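With chain A held as given, fit chain B onto it using these hints.
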Amino acid sequence: MRLSLPAAISHGRVFRRLGLGPRSRIDLLRNLVTALVRHERIEAPWARADEMRGYAEKLIDYAKLGDTNERAMRMADFWLTEKDLIHKLFKVLAPRFQPHPGNYTRMLHIPNRDGLDRAKMAVIELKGNPFPPLIRKRRDSEKTLLNQLLKGYREDMQQAAAPQAPEGTPV
Amino acid sequence: MAARWVGCGLWGRRQGRRFISTSTVSRLTSEEVIQMRNELFSKEKERQLSLYPRIEKIEVKYTGKSHPGSVFVMNKALSTPYNCAMHLSEWHCKRSVLALVDGEAWDMYRPLTKSCEIQFLTFKDEDPEEVNKAYWRSCAMIMACVLKRAFKDDYSVDLIRAPEVPVISGAFCYDIILDNRLNDWKPTNDNFRSLTRDAGKLIHKDLPFETLHVEAKVAREMFQHNKYKLEMIEQKASQNMEGIVMLHRFGDFVDVSEGPHIPRTSFCFQYEITAAHNLQTNQSELIRRFQGVSLPVHLKAHHIVWHKLLERSKRLVTEEKYLEAAAEHHEAKDGTEEEKTASI
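Quick note, the sequences are listed as chains A and B, same order. Going by our numbering, the residue at position 128 of the first sequence is 128; the numbering climbs one at a time, nothing skipped. Going by our numbering, the residue at position 79 of the second sequence is 79; the numbering climbs one at a time, nothing skipped.
Pulled out of the complex, with its shape left as it was, chain A reads as follows (with noise of 0.2 Å):
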């Protein structure tokens, strides 16, 4: 039963509050999402990148239904600002995540920022996209001991499948 709360206690409130009011929080996340789909990887403050996040999987997944539907036309007309990255929305995006059900932008932290708020940055990108990856797995040389260890596990389980001294080649 929902009495007055407080302004101050916000439990359960799942929208943050960005900007000037509630009219410039929808324009700074339409901004960061039509830099989203423009540039498929854009640094932002951690917060306003996390809130941008469901608008722009949303977006897409209005995309989905085709540039046929009215609805979809809409909303991609208002979240865009700039005209022309509806075009690459439909054509380009949508068919990149045509197989996925969900889950097309991936969040990552970054050291927070260099000026005097030291705001806790976030790199926002789009998965696909044709940049070198993010975070590079670092898999052990091929000389440590247990790598050594099961590459000789390996040869022997080979030697072991395949007969010892093969013959000559069949003509």
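Honestly, the hints are just simulated from the structure, not real lab data. Take every hint as true, because none was put in to throw you off.
35 Å max Cα-Cα, derived DSBU-like pairs, lysine-lysine:
| hint | chain 1 | residue 1 | chain 2 | residue 2 |
| --- | --- | --- | --- | --- |
| 1 | A | 127 | A | 88 |
| 2 | A | 151 | B | 65 |
| 3 | B | 201 | B | 148 |
| 4 | B | 229 | A | 151 |
| 5 | B | 300 | A | 151 |
| 6 | A | 151 | B | 186 |
| 7 | A | 151 | B | 314 |
| 8 | B | 186 | B | 227 |
Every value quoted in this text rests on a predicted model; they were computed, and no experiment measured them.
The following block gives chain B in isolation, referenced to the frame of chain A:
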């Protein structure tokens, strides 16, 4: 020597048998031998320390990747590469296994003697070959210590050597000659399990590996009861220009070794002694080769993988093909400039 007649009188009376002692080999009890070796080791260590009564400073330059160009001012013959790592960070202390001093692999606890360049080697480097060899040597030495203590005092145990097998063979080994009465004894799985548990106790005690470079004379005095060790000492002394032999000790087990070891026994995480094979030689005594496999703390394996490696390590490991491959490799290296032949 005073202790000799004490040995003759007391021990003979206590055990109730005639004590036959020759001129040099007087102490046949293993504990006395161990104690003698320990005392000689400690005495030699103190003597080497007393050669530098005043503290002299040396400059050690760090040429690794993490803090390039740092220079440490350390004490001569007192500071070790581990002390240099302590100046850098705890990560360096925990991770580094060997130190590369002027291009030569050194133990972490061996004192530095002159101004040099230092680098630290870990298990996860690009080329951890030296580290792997040192680890295998240390594991073999732990196994030797366990085997020496495992049998009762009236069964003699003669350690021969640890053959230098590469890691890819799957097991480290130690050659040993047991008492004649144990020639028909086949170690069972329970025996191996109890040996492994002994090794586990040693690992848990976290003993440091102390190293000492002594002249062949002192080493011969220490190992006078073991003719195989004496042969090895002669061989090592002849390889070296000054006739210096490298000894290592952990706890109270002293052994001749062929290269640097890991700093502490706690670097081993999974350790298991898996098999014993009888070597066919033309000697009259039966030489047994005990084998085991181990993994360090930094490279733990999942239990399924570990069990597969255990199965593989039970097979006999022979060093002939690796020696041939190494000999070919050396010839190829001497003959042509680069050409890395893949051994095995």
